[in-house]
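*Asks:* For reference, the chains in residue letters:
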Amino acid sequence: MRANALLAIADDELILGWRDSEWTGIAPTLEEDVAFSSIAQNEIGHARALYALAAAELGSDADALAFDREPDEYRCAPLVELHLLDWAHTIARRYLYEEADRVRVAALKQDEDAELAGLAAKIDREETYHRLHAEMWAARLSGEPRFRDAVEELWPYALGVLAPEQRDELARRVGLDVVDARERGEHSEEFAALHDEMTEVRRSAPGAQW
Amino acid sequence: MIFEVFRQEKKGQPFAHAGSVEAPDAAFADAWAREQYGRRGESEALWLVPRDAVHAITDWADEFDLKYRRVDGYSIKERLRIARERAAGNS
Amino acid sequence: MDARTEEFVAYVQEGGQVEATDWLPEDYRRKLVKFIEMHANSELMGVLPEREWILKAPTLQRKLALTAKVQDEVGHAQLIYRVAEDLGKPREQMFADLLSGKAKFHNVFHYPTKTWGDVGVIAWLVDAAAIISQKALLKCSYAPYARIMKKICWEESFHILHGRDVILAMMTGTDAQRELVQEALDRWWGPLMQFHGNPISRDEDPMWFWRIKSQGNEEARQQFLEGYVPQIWELGLTVPDPKLRRNDDGVWEYSEPDWDELKSVVTGHGPRSQDRLDFRRRFLEQETWVRDVLAAAA
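Residue numbers (this note's numbering), protein chains in the order written: chain A, 1 to 210; chain B, 1001 to 1091; chain C, 2001 to 2298.
These are computed hints drawn from the structure, not numbers from a lab.
Every residue, glycine too, gets a C-beta built ideally from N, C-alpha and C.
Among the hints, erroneous ones may be present.
Stated by the list, open to error - With a Cα cut of at most 20 Å, we get these calculated EDC-like pairs of lysine to aspartate or glutamate:
#1 C/K2056 - A/D68
#2 C/K2151 - B/D1072
#3 C/K2056 - A/D196
#4 C/K2056 - A/E200
#5 C/K2056 - A/E169
#6 C/K2150 - B/E1085
#7 C/K2056 - A/E22
#8 C/K2150 - B/D1025
#9 C/K2114 - A/D196
#10 C/K2056 - A/E189
#11 C/K2056 - A/E190
#12 C/K2056 - A/E70
#13 C/K2150 - B/E1009
#14 C/K2114 - A/E70
#15 C/K2031 - C/D2203
#16 C/K2056 - A/E126
#17 C/K2150 - B/E1004
#18 C/K2102 - C/E2092
#19 C/K2089 - B/E1009
#20 A/K109 - A/E169
#21 C/K2151 - B/E1063
#22 C/K2243 - C/E2219
#23 B/K1010 - C/E2155
#24 C/K2151 - B/E1009
#25 A/K122 - A/D111
#26 C/K2114 - A/E200
Said to hold, decoys possible - Here are a few chain C residues that face chain A, going by a calculated C-beta distance under 7 Å:
#27 L2055
#28 T2059
#29 L2064
#30 V2074
#31 G2075
#32 A2077
#33 R2178
#34 V2266
#35 F2283
Required output: the full structure, derived from the provided sequences and hints.
*Replies:* Here is the structure:
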C-alpha cells in the first residue's frame, strides 16, 4: 500500500485517539474513564505503528509524521476531527468508527504487503475489545433518542472514513442507508485548533529531544 | 451492581481478591475490570463475581477445645527426648 | 472510652487489622472515611492539572505515557472511592461534598500547570511526595484500604520513572528546556514542602492513634527531602530555599513552610481551586443522564 494511503489510516487513528484522550478524567463513570483511556491509548499505538511503516518508505520517523506536517497535509477523515463535547456523540462516533474500521481492517489483512497485513491482524485482535465496548454501549443506549440522533448525525461522516466501494458493507452492518458522505480532503476549523494545541510544546523547541 | 474481582497473577497461583467494580451488568463489568486489573498485562486471569453471590463465613463454634485437629495440639518434644535416650541407652 | 473501644484500640495499636464487616468504633469510622475520601478526591482532582498536557505532549511516547499516568490516577480514585463506599458513603454524596467544598483535596492540585516543565516536576516530585504518604498506608489498620494501597504504590512507581525520564530529557537538552525545569521547580517547591502537612507530633495525630497512618507528617517530609534533594542537586538544579541543608545528624533543615497558604488553599482558595471544581461539576452534571441509564439497567 502506498505511503499516502497508509497516512490516511494513521491520521484517523491518531486524531481519534487524540479526541478520545480528551475524555481522560471526565468520562461519565470512573470505571468507564479507565477503560475509555485504554482505547484512546490503543488508537495512538496503532497510529504509531502505521506511521513507522509509512516512515520507512518516506524516509522520516513516526513522531515527525505525527506532529511536524502542516495541517493541510493530514489525511484524516472529518469524522475524527469533530470536537464532540458530550457522551452521546462521543459514543456514537466510537460505535460508527469501530464498524467502519472493522471493514477497513478486514481488507488490510488481505493486503499483498505482508508487513501491513501482519500489522492489520495485530490491530484487529486489539480492536476486538474496542468493538465489544462500543457494542455494549450501543446496546445500552439504543433506547436513548440522544444516542440515536447522534448516530444519524454522524452517519455521513462515518461513510467518509471508508473508500466508496466499502460503504455498502458498512451500511449493511449499521442498518442505515448509504447517503452522501463527508469526504476526506477538507479540514474543519476545529482541526486547525487541534493541530495547534497538539504541536504547541513540540514547536517551542523544534528538533529538541523530549 | 458490585462485582468482586478475584485476580490470578501467574498460572498455578490462587485467585486472590483484588477489589471491586460497580457495573450495570456482566458485559460492562468485563470491559471495566479487564482494564482496571489488567491493562499492564499484570493478571493471568480474573474472576468477576456479583457481590450477592459471595457467601461469607466469619463466625465459628469452637467450644470444646478439640486440639487434636491443630498442630499445637501435639507436644512431641518430651516423648521424643525420652525415646532417643532409650535408643542411645540400647546401642 | 468504653471497654469494647479500648480493646479495639489495643488491637490496632499492636498491628491488628479490621475488615468492612467488623465492628468499628464510631470515631474510627468517621475519621477513616474522611481520610479516605480526601485521598479519593485528591486522585480525582489530580487528573485536571495534568490532562491538558496529554493534548500537548511533544512525542507519541510521551503522549502515551502521560495518558497512562493520568489513567492510573482515575483508576486510583475508583479503587479508593469503592473502599469509602463500602464504609457506607455513596459516591454521589462524596462528589457532592467535594463540589460544595465540604470535603477537601490535597494542596498540590489547586495550583496551575504552566509548562512542560511542570509535567516533569509533578511526575517526579509531587508523585514522589505522594508515594511516601501512600507507602505509610500499606500497614493501615483498615485492611481493605491497605490492600488497594499495594496496587496504587506499584502503579505510582511507573509515574516516578516517567517523571525522571521527562526531566532528564530536558536537563540534557537545550538551555531553554533546562530553564523550564528550574522555573517549574521554583514554583512547585512551596506546595511540595506543605504537602505532608503541619509537623504535629505522632502522639497528637489521631491518624497514628488509630494506626490509619504509620508515619507522622514530619517523618514523611524528612523522607522526601532525604530521597529527592540529592537527586535535584545532582542535576544542577537549585531549590528556592537558602536555609535548606542536611545537618550532621541527618535531619534536614528548611525555611518554615507557609502554613497559612496551605490552609487557604485546601479550603478552596487556591489559584485554580474553583475553576477546577467548576470543570468537574460541569461534566458530572452533563452526564448524569448516562449514569441514570446505567442505573436503570442494573
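*Asks:* Compare the structure with each hint and give your call.
*Replies:* Structure-based check of all given hints:
no., hint, result
1, C/K2056 - A/D68, "holds (13 Å)"
2, C/K2151 - B/D1072, "violated (35 Å)"
3, C/K2056 - A/D196, "holds (9 Å)"
4, C/K2056 - A/E200, "holds (6 Å)"
5, C/K2056 - A/E169, "violated (37 Å)"
6, C/K2150 - B/E1085, "violated (52 Å)"
7, C/K2056 - A/E22, "holds (11 Å)"
8, C/K2150 - B/D1025, "violated (28 Å)"
9, C/K2114 - A/D196, "holds (17 Å)"
10, C/K2056 - A/E189, "holds (18 Å)"
11, C/K2056 - A/E190, "holds (16 Å)"
12, C/K2056 - A/E70, "holds (16 Å)"
13, C/K2150 - B/E1009, "holds (14 Å)"
14, C/K2114 - A/E70, "violated (26 Å)"
15, C/K2031 - C/D2203, "holds (16 Å)"
16, C/K2056 - A/E126, "violated (26 Å)"
17, C/K2150 - B/E1004, "holds (17 Å)"
18, C/K2102 - C/E2092, "holds (13 Å)"
19, C/K2089 - B/E1009, "violated (31 Å)"
20, A/K109 - A/E169, "holds (17 Å)"
21, C/K2151 - B/E1063, "violated (39 Å)"
22, C/K2243 - C/E2219, "holds (19 Å)"
23, B/K1010 - C/E2155, "holds (18 Å)"
24, C/K2151 - B/E1009, "holds (12 Å)"
25, A/K122 - A/D111, "holds (14 Å)"
26, C/K2114 - A/E200, "holds (12 Å)"
27, L2055, "holds (5 Å)"
28, T2059, "holds (5 Å)"
29, L2064, "holds (6 Å)"
30, V2074, "holds (5 Å)"
31, G2075, "holds (5 Å)"
32, A2077, "holds (6 Å)"
33, R2178, "violated (11 Å)"
34, V2266, "violated (20 Å)"
35, F2283, "holds (4 Å)"
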